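The sequence shown begins at 59 in the numbering used here and counts up one residue at a time.
Simulated from the structure, these hints should not be mistaken for laboratory data. Hints may be right or wrong, so weigh each one.
Distance windows between CB atoms, simulated [said to hold, decoys possible]: (1) Leu208 <-> Ala68: 37 to 43 Å; (2) Ser174 <-> Gly108: 21 to 27 Å; (3) Glu119 <-> Asp194: 32 to 38 Å.
Bear in mind that the values here come from a model prediction, so they are computed numbers and not experimental data. By construction, the Cβ of each residue, glycine as well, lies at the ideal position given by its N, Cα and C atoms.
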Amino acid sequence: MTTPRPGSRAEQRRRTEARILDAATEVFFSTGYDRATIRAVASAAGVDAGLVMHYFGSKQELYRRVIDAAPVPEVSGTPAEAAEQILAALASRLASEPVASLALLRSMLTNPEAASAASAGIARYQAQIAQAIPADDAGLRAAVISAITLGITVARHLVKSDELATADPEQVIRLLRPCMRSLAALPDDGKPS
Numbered sequence: 059m060t061t062p063r064p065g066s067r068a069e070q071r072r073r074t075e076a077r078i079l080d081a082a083t084e085v086f087f088s089t090g091y092d093r094a095t096i097r098a099v100a101s102a103a104g105v106d107a108g109l110v111m112h113y114f115g116s117k118q119e120l121y122r123r124v125i126d127a128a129p130v131p132e133v134s135g136t137p138a139e140a141a142e143q144i145l146a147a148l149a150s151r152l153a154s155e156p157v158a159s160l161a162l163l164r165s166m167l168t169n170p171e172a173a174s175a176a177s178a179g180i181a182r183y184q185a186q187i188a189q190a191i192p193a194d195d196a197g198l199r200a201a202v203i204s205a206i207t208l209g210i211t212v213a214r215h216l217v218k219s220d221e222l223a224t225a226d227p228e229q230v231i232r233l234l235r236p237c238m239r240s241l242a243a244l245p246d247d248g249k250p251s
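Turn these sequences into a full structure, and let the hints steer you where they fit.
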């Protein structure tokens with residue numbers, strides 16, 4: 059892929075598209091999918107709403123592009139190292155309320171279009187986890203790990219489950235560690251499952 063010449067129309071288009079995408083990220087993170095509007099994104103980007111539609115076509119496509127641009131936490135190394143990376147990311151989300159992530163989670167739980175768009179981002183994360191798992195059912199194990207971390211985040215910050223909402227993040231991680239390590243490791247017989 060070639061980089062557009064500075065000052066060219068292609069470069070101006072790229073910068074405008076990036077500015078709209080940055081503004082959309084802020085709007086979706088602060089208000090969620092349902093309350094976000096194309097007009098609000100356009101206003102935040104300093105462009106006309108028609109230009110947002112020209113570049114992205116629909117609110118759902120804009121949301122999908124925001125999700126696609128979101129960084130996926132790095133998961134690599136041995137299965138034990140991967141499990142520790144997942145636990146460290148979860149500990150961080152438990153220690154401080156991830157406001158941006160919660161707006162997206164809330165949107166996923168209440169809007170089918172948002173859930174559909176977000177599923178691609180979740181799939182990217184699960185694929186990284188699966189690559190670190192030396193088992194035939196690595197995809198399923200990665201999906202279970204993802205569901206556990208998602209469920210704990212939702213229960214703590216959105217549902218505010220009594221015990222989980224007030225638990226020390228390190229205690230939660232200690233309880234989860236054997237489960238995560240087991241899911242990330244080879245089965246007991248040492249052969250891929």
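Comparing the hints with the structure gives:
1. Taking the beta carbon of each, Leu208 and Ala68 are about 39 Å apart, inside 37 to 43 Å as hinted.
2. The supplied range of 21 to 27 Å is met by Ser174 and Gly108, whose beta-carbon atoms lie about 25 Å from each other.
3. Roughly 36 Å separates the CB atoms of Glu119 and Asp194, a value that falls within the hinted 32 to 38 Å.
In summary, this structure violates none of the numbered hints.
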